[in-house]
Amino acid sequence: MALIECKNVHAGYGGMNILNGVNMAIESSEIGVIVGPNGAGKSTTLKAIFGLLTVSEGSIELRGDDISNLAPDKLVHKGMGFVPQEHNVFVSMTVEENLEMGAFIRRDDFSYMLERVYSFFPDLKDKRRQPAGELSGGQRQMVAMGRALMVEPSLLLLDEPTAGLSPLYMNEIFERVIAINESGVGVLMVEQNAKQALRIAHKGFVLAAGKNRFTDTGQNLLNDPEVAKSFLGG
Amino acid sequence: MNEFIFFFNSVIISGAVIGSIYAIGAIGVTLVFGILRFAHFAHADMMTLGAFLVLILTALFPAVGPAIGLPTAFVMMPVAMVATAFIAVGIDKMFYKKLRENNVKPVVMVMASVGVTLMLQGLIRFFAGTGTQSLYIDDRKAIFRIDLPFESASRNLVITEPQILLFVFLAFAVVSLHLFLNKSRLGKAMRAMSDNPDLAKVSGINTNTVVGVTWIIAGALACAAGTLLSLDVTLKPDLSFMILLPIFAAAIVGGVGHPYGALAGGFVVGMTETLAVFNWTFVLRPLEKAIPALDLPNTLAFVPTEYKITIPFFILLAILIWRPTGLFKGKII
Ligand SMILES: Nc1ncnc2c1ncn2[C@@H]1O[C@H](COP(=O)(O)OP(=O)(O)OP(=O)(O)O)[C@@H](O)[C@H]1O
Ligand SMILES: [Mg+2]
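One line per chain: the protein sequences are A and B, in this order. Residues 190 to 423 in the numbering used here are what the first sequence lists, from first letter to last. Residues 1092 to 1424 in the numbering used here are what the second sequence lists, from first letter to last.
These are computed hints drawn from the structure, not numbers from a lab. Heads up, the beta-carbon is just placed ideally off N, CA and C, and yes, glycines get one too. A couple of the hints might just be wrong.
Label-pair restraints from in silico Cβ distances [to be verified]:
#1 B:F1218 <-> A:E323: 47 to 55 Å
#2 B:K1189 <-> A:N258: 41 to 49 Å
#3 B:G1181 <-> A:Q385: 41 to 49 Å
#4 A:G203 <-> B:K1274: 33 to 41 Å
#5 B:K1189 <-> A:Q381: 36 to 44 Å
#6 B:K1184 <-> A:Y202: 50 to 58 Å
#7 B:M1202 <-> A:E371: 35 to 43 Å
#8 A:H266 <-> B:K1274: 18 to 26 Å
#9 A:Q408 <-> B:K1188: 50 to 58 Å
#10 A:M205 <-> B:G1181: 32 to 40 Å
#11 B:H1269 <-> A:N360: 41 to 49 Å
#12 A:E371 <-> B:K1274: 30 to 38 Å
#13 B:M1202 <-> A:G210: 49 to 57 Å
Stretches of chain A that chain B covers, calculated by requiring three or more beta carbons in the stretch to come under 8 Å of a beta carbon on chain B [stated by the list, open to error]:
#14 266-280
#15 287-296
Please take these sequences and the hints and turn them into a complete structure.
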């Protein structure tokens, strides 16, 4: 059974549909990457999965359970984490407070998880008492991912985790994503750096105008001349 | 020397007293704004309501205070704070929650709070009448006159018991709030929600709980501010009209959404107001002896007392023109 599966999802903002039948499925052991032009509905797809938009048609299933239109805090309880594309840290709060907010639903002692996140992102350890608003773009991205990891989710949704980062930082983030996935977390990620992202993807989804255009393994999409021509910049 | 003591009594102490009241009110307004993003106009009437609950409790159990050695009203205040907190949560459930769930514009929330203001005023008048009441029923206001160890000082420093209780309560409330916001799980969630409500939701923070806690704190503080003000002066059903503009001015001066800003803003507005209506003639009298040509009028103040209410208005205008985000950068707790 798939970890997460979108079946013919239609969703939008205030009545106007942006998604017109999105289908995707990934297993726990997989990284899924969504690529596509600006405005294709990539972020909208993640928001629909995370209960931030109303799904008007189709369904979203987590391990076979229908979770469409469940509120975000319910989904966190079900083991899902989401890192939005923008405004993904609490700027006025320290790095450590950001991580604590990620663990809000936990009533047990989660200090071991703080340590694990710091060992994952060593840059953050020195900055733990600094407001997240004072960090660089890449460090913020790490705080945002760390925050989502605090509940030890089984599925992590990432919206453009490498946006605006230098190639060096980008590779570092991708390495982290692989490590997170290898620790048993399914990852569904939207990426603009399509070639690099598809290289680490088990499954790839090319979205255009709110629909799947291509769905295949990452490798096959990279090798498909049509995909390369229209979506990967030749 | 006597002139200085007079100045201290009538400006520093009075300013700090009214400043503390404004601060406690403004902290509530600013917290509600930080979480719910609208100006809660009914706040001043929650203050009056809280004070009337204290009045009722004091009338029911007038002997409690003398037994402990504190004003009965002050002893009853914590009970009324709990009650007002519950009422605030109830008002939210009945009036604001549905609007919030329909994602209405902030101005609609503001209008709803004006409606709640009128309703509360009606209720208070219905049960307590329109007259002026004293929170001292079976006890009397203690006044302390402190002798100063100076040869030339024949006047005393004057401070009343409710004023001391007010300062003690303010210090206690500010320290508690600080610890709550920075150390507790729910307090941090409150800061998170005021910083970024969408991300708070995505993190699994139960935003309804945070909203509830906000109303509990705002309601309890409103009750305390109303009671302490009525202990210092008297209790009137239209108290809120005199207090609404200054507490909003204080919240905005401090930077909306910023509790320490509201604290500072309360003192700025309170002190300025008191200084503006201060009669300088008494302080300047000795000069008249030294310079015979000087002929002081009977009252010499920047602003006549009757126009005191215009001061917060001007402070508000000035801050909005020169520093719209307030003294502290506003919008987040
Ligand atoms: N909050 C919103 N309200 C209304 N329409 C929106 C909103 N957010 C996005 N849209 C619209 O939905 C469409 C898809 O947007 P979406 O953010 O999903 O694109 P995207 O694929 O993530 O693009 P990008 O690569 O630029 O991030 C766009 O046409 C956009 O105008
Ligand atoms: Mg996007």
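Taking the hints in turn, this is what the structure says about them:
Restraint check, F1218 (chain B) to E323 (chain A): a C-beta distance of roughly 52 Å satisfies the suggested window 47 to 55 Å. In this structure the supplied range 41 to 49 Å is violated for K1189 (chain B) paired with N258 (chain A), their Cβ-Cβ distance being about 20 Å. For G1181 (chain B) paired with Q385 (chain A), a C-beta distance near 55 Å fails the hint of 41 to 49 Å. The hinted window of 33 to 41 Å between G203 (chain A) and K1274 (chain B) holds, with their beta carbons roughly 40 Å apart.
Restraint check, K1189 (chain B) to Q381 (chain A): a C-beta distance of roughly 41 Å satisfies the suggested window 36 to 44 Å. The hint said 50 to 58 Å for the Cβ distance between K1184 (chain B) and Y202 (chain A), and at roughly 28 Å that hint is violated. Between M1202 (chain B) and E371 (chain A) the beta carbons are some 55 Å apart, a value that contradicts the proposed interval 35 to 43 Å. Here the CB-CB span from H266 (chain A) to K1274 (chain B) is close to 25 Å, well matched to the stated 18 to 26 Å.
One distance hint, 50 to 58 Å for the beta-carbon pair Q408 (chain A) and K1188 (chain B), holds here, with the actual separation near 51 Å. The beta-carbon spacing between M205 (chain A) and G1181 (chain B), approximately 37 Å, falls within the hinted interval of 32 to 40 Å. Between H1269 (chain B) and N360 (chain A), the C-beta spacing of about 43 Å keeps the proposed range 41 to 49 Å intact. At roughly 36 Å, the beta carbons of E371 (chain A) and K1274 (chain B) sit within the given window of 30 to 38 Å.
Separation of M1202 (chain B) from G210 (chain A) is about 42 Å and departs from the stated range, judged on CB atoms against 49 to 57 Å. Taking a C-beta to C-beta cut-off of 8 Å, the stretch 266-280 of chain A contributes 8 residues in contact with chain B, enough for the three needed, and the coverage statement holds. Beta-carbon proximity to chain B at under 8 Å applies to 5 residues in the stretch 287-296 of chain A; the threshold of 3 is reached and the given coverage holds.
Taken one by one, the earlier hints fail for this structure at numbers 2, 3, 6, 7 and 13, listed in ascending order.
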